[in-house]
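Taken in sequence, the protein lines are chains G and E.
According to this note's numbering, the first sequence is numbered sequentially starting from 1.
According to this note's numbering, the second sequence is numbered sequentially starting from 411.
Certain hints may be false.
As the list claims (entries may be wrong) - Calculated Cβ distances over 10 Å to all of chain G for the following chain E residues:
1. Arg413
2. Leu417
3. Phe418
4. Asp455
5. Tyr457
6. Lys501
7. Arg531
8. Ser597
9. Gly619
10. Arg620
11. Ile622
12. Met626
13. Pro630
14. Val656
15. Met670
As the list claims (entries may be wrong) - DEER-style ranges, computed between Cβ atoms:
16. Gln380(G) - Leu434(E): 23 to 33 Å
17. Gly475(E) - Asn177(G): 37 to 47 Å
18. Asp202(G) - Thr430(E): 52 to 62 Å
19. Phe204(G) - Pro666(E): 30 to 40 Å
20. Val408(G) - Leu652(E): 41 to 51 Å
Think of the hints as simulated: they come from the structure by calculation, not from any bench.
All C-beta atoms, glycine included, are put in the ideal place defined by N, C-alpha and C.
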Amino acid sequence: MRTHGLIGLLIILLLSACSGGESTPGLSEVTSKEWTDIEASAEDTTVRLFMWGGDEGINQYIDDWVSPRLAENHNVTLERVPMNTGEILQKLQTEKQAGKTEGTIDIVWINAENFKNAKENELLAGSFVDSLPNFNDYYQTDDPAFQTDFGTDVDGMEAPWGKVQFVFHYDAAKVDNPPSSFEELKAWTAENPGKFTYPNADDFTGNAFLRHILYAQAESPSAIYDQPLDEEAISETADDTWKYLNEMEPSLWRSGDHYPNTLTELDRLYSQGEVWMTMGYNEARAESLIDEGVFPETTRSFVMDPGSIGNTHFLSIPFNSTNQAGALTAINFMLSPEAQLAKLKPNYWGENTPISIEKLPEDMKEKFQSVERGESVLSQQELEESFLPESEAAYVDWMKEQWFNEVVQN
Amino acid sequence: MIRNKRLFYVLATLLFLLPTLILLLQSLSETWRFQTGEGLRFQLDSYSVLLSDPKLWSATGWSIGIGAGVLFINLVIGIMTGKALATLSFKGKPFVEAIILAPILIPVLAIAMGLHLFMIRIGLADTVLGVIIIHLVPTVPYSIKIFQNAYRQLGSPMLEQPLILGSNPLHQLFTIELPLMKPAIRSVTFLTIVISLSQYAITAIIGGGRIITLPMVFFPFLDTANSSIMAAFSIWFSMIPLALYVLVEILLLLLPYTIMPWRK
């Protein structure tokens with residue numbers, strides 16, 4: 001008898017959970033209001049920002065700079081929740097499946113493949129970027145970098161929060177003249193065997209390094225980033241890429257028998273002086289590592305011909321956010337010139353801004369231009385001249401597969 | 411014998427004490443770039459980074475609370491099921507034993523997705539109770555196995571005696587079974603706490619960011635080349651099983667017929 005009672009209770013619970021819950025108003029309903037009304041309805045609410053939490057500089061920027069100011073200016077409590085993007089998306093996916101309309105996430109930090117997945121599975125609330133005053137006032141709204149994200153149309157579903165560019169780092173005490181093209185890199189590696197390597201293709205950074213070589217072997221980089229992936233059309237370029245990598249392999253660290261699994265492993269090798277170069281997205285990332293004594297003080301950075309890939313990362317609102325007005329207010333604030341300036345300064349994060357400097361008021365413009373990003377960071381001009389956009393996200397997976405077949409197994 | 415003992419101490423020092431000592435030193439110094447021939451530069455920055463994280467204390471509290479809850483439920487389920495499996499014989503027993511072990515043979519993440527869906531429906535997602543329940547999945551099978559063996563070693567004569575003398579089952583549990591199964595309780599304590607403490611993905615998904623445990627603050631830092639911060643976090647992390655272990659030892663002293671250590 002008792003077990004029957006339990007099962008009955010369970011069924012009642014299941015049924016009540018399925019039927020209940022009023023749906024939250026659609027995002028378009030919120031964005032159609034006047035901005036001042038949106039901000040007013042966001043007052044006295046809590047916004048939960050879910051983001052990767054593995055960098056104390058980034059965490060402190062949110063906790064010590066953004067949160068207190070958002071509370072002061074808009075009366076919005078910002079709660080940062082550390083969670084990897086993969087888990088965030090899985091959580092949203094299951095909630096979508098279960099029909100849970102009241103989620104716990106109001107803002108996610110997202111880009112590239114994750115955005116593609118989220119958009120395809122309808123995990124995002126919808127288009128909102130056009131309603132953000134700071135975006136309209138201070139950003140080049142039709143910039144292709146904001147229109148597509150690794151080849152996926154943004155459709156206003158995520159707001160540009162920052163941008164990073166791929167650079168190489170070297171120890172100036174050991175390397176006098178860093179290579180200026182990928183051919184020179186190969187020659188340098190042959191002269192200094194064992195002093196260079198790259199993370200394998202499964203790693204985000206290692207994959208980007210390999211795509212640089214694909215860009216370099218193509219007639220022009222635009223032959224790759226302007227084209228959707230067509231394996232036959234790029235077969236010649238691909239062959240040149242494998243040839244380049246295979247020729248380079250014997251002079252890599254441990255003769256290429258082993259590649260670092262992650263950028264972290266490569267960074268550790270560089271930190272120990274085993275290799276003389278490392279690499280990574282975010283042109284300013286070496287600054288804090290030098291400060292902490294992880295990288296040698298003589299660390300500098302360089303970019304090579306034909307250029308360096310950069311991308312934008314975004315903030316978005318999930319489909320079941322319960323505080324869309326609060327999320328909009330917080331995102332708008334994080335896009336503001338003040339917040340972007342604090343993000344650019346090396347004391348917290350030191351990351352580049354997607355804002356258009358020329359659209360800023362005069363005094364703000366000066367403040368942006370006078371920021372000293374540190375000795376290991378290349379000049380803004382040099383970075384802009386070498387900038388290359390990302391290719392479609394499909395190239396990333398293609399590279400993962402092919403690299404293993406063509407380089408590791410050969 | 412004496413030579414074996416000496417060998418044991420040498421090996422224990424080399425393999426256990428020395429790495430811990432290096433970890434402790436690294437947490438108190440800048441990232442040690444030993445291959446460049448540099449020495450240790452002592453500083454306390456790693457601990458100040460650790461302590462400046464506003465979530466550290468609440469995450470530690472959540473981890474301890476969840477760990478204690480998981481441990482308690484494990485002891486209850488483990489002792490009851492273990493005893494049943496060790497003393498009773500019934501039809502289909504091997505099948506039941508296999509079913510009980512199943513959760514550790516299937517990846518927890520695979521179970522977590524289905525369970526998440528179920529927990530959303532019954533309203534357990536994003537709650538502490540939900541997290542405790544999901545932590546039972548990778549821990550309970552071990553506890554049952556450990557207690558099953560403990561009861562088997564105890565043997566049926568030891569369990570029949572109190573029955574003949576007219577003791578009730580609860581009295582029997584506290585005066586005979588638990589005191590004799592102290593080693594099993596210690597193993598289950600350590601294993602359960604350590605497994606529960608190191609669950610990242612399932613805690614993140616079921617806890618939904620409402621329940622922030624220590625690994626959620628700590629694991630993302632695996633992506634940094636700064637080993638000092640990692641070392642400081644690891645030291646902090648290891649304090650929790652240690653603290654709970656001491657707590658359980660104190661509780662074990664409360665069992666009847668225990669010789670207090672200061673009376674030896």
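The hints, checked one at a time:
Every CB of chain G lies more than 10 Å from the CB of arginine 413(E), the least distance being 39 Å, so the non-interface label holds. A cut-off of 10 Å between C-beta atoms confirms that leucine 417(E) is not in contact with chain G; the least separation is 33 Å. Consistency note on phenylalanine 418(E): stated as away from chain G, and its beta-carbon is indeed over 10 Å from all of that chain's, at 33 Å minimum. Non-interface call for aspartate 455(E) relative to chain G: violated, since the shortest CB-CB distance, roughly 7 Å, does not exceed 10 Å.
Under the 10 Å C-beta cut-off, the non-interface status given to tyrosine 457(E) relative to chain G holds; the minimum distance is some 12 Å. For lysine 501(E), the condition that its CB be more than 10 Å from all CB atoms of chain G holds, with the nearest at approximately 19 Å. Against chain G, the non-interface label of arginine 531(E) is violated: not every CB pair exceeds 10 Å, the least being about 4 Å. No beta-carbon of chain G is positioned within 10 Å of the beta-carbon of serine 597(E); the least distance is around 31 Å.
Remark: the non-interface label on glycine 619(E) conflicts with the geometry, its nearest Cβ contact in chain G lying 4 Å away (cut-off 10 Å). Non-interface call for arginine 620(E) relative to chain G: violated, since the shortest CB-CB distance, roughly 6 Å, does not exceed 10 Å. Its beta-carbon lying about 7 Å from the closest one in chain G, isoleucine 622(E) breaks the requirement of being farther than 10 Å from that chain. The Cβ of methionine 626(E) sits about 5 Å from the closest Cβ of chain G, inside the 10 Å cut-off, so the non-interface label is violated.
Chain G draws proline 630(E) into its interface by the beta-carbon criterion, the shortest separation being 3 Å against a cut-off of 10 Å. With a least CB separation of 29 Å from chain G, valine 656(E) remains clear of the 10 Å interface cut-off, as annotated. With a cut of 10 Å on Cβ distances, methionine 670(E) stays outside the contact zone with chain G, its closest approach being about 43 Å. Range check, glutamine 380(G) to leucine 434(E): Cβ separation about 43 Å, and the 23 to 33 Å hint is violated.
Under the hint 37 to 47 Å, the C-beta atoms of glycine 475(E) and asparagine 177(G), about 58 Å apart, miss the expected range. Remark: the range hint 52 to 62 Å for aspartate 202(G) to threonine 430(E) is contradicted by a beta-carbon distance near 32 Å. The hinted window of 30 to 40 Å between phenylalanine 204(G) and proline 666(E) is violated, with their beta carbons roughly 59 Å apart. The hinted window of 41 to 51 Å between valine 408(G) and leucine 652(E) holds, with their beta carbons roughly 43 Å apart.
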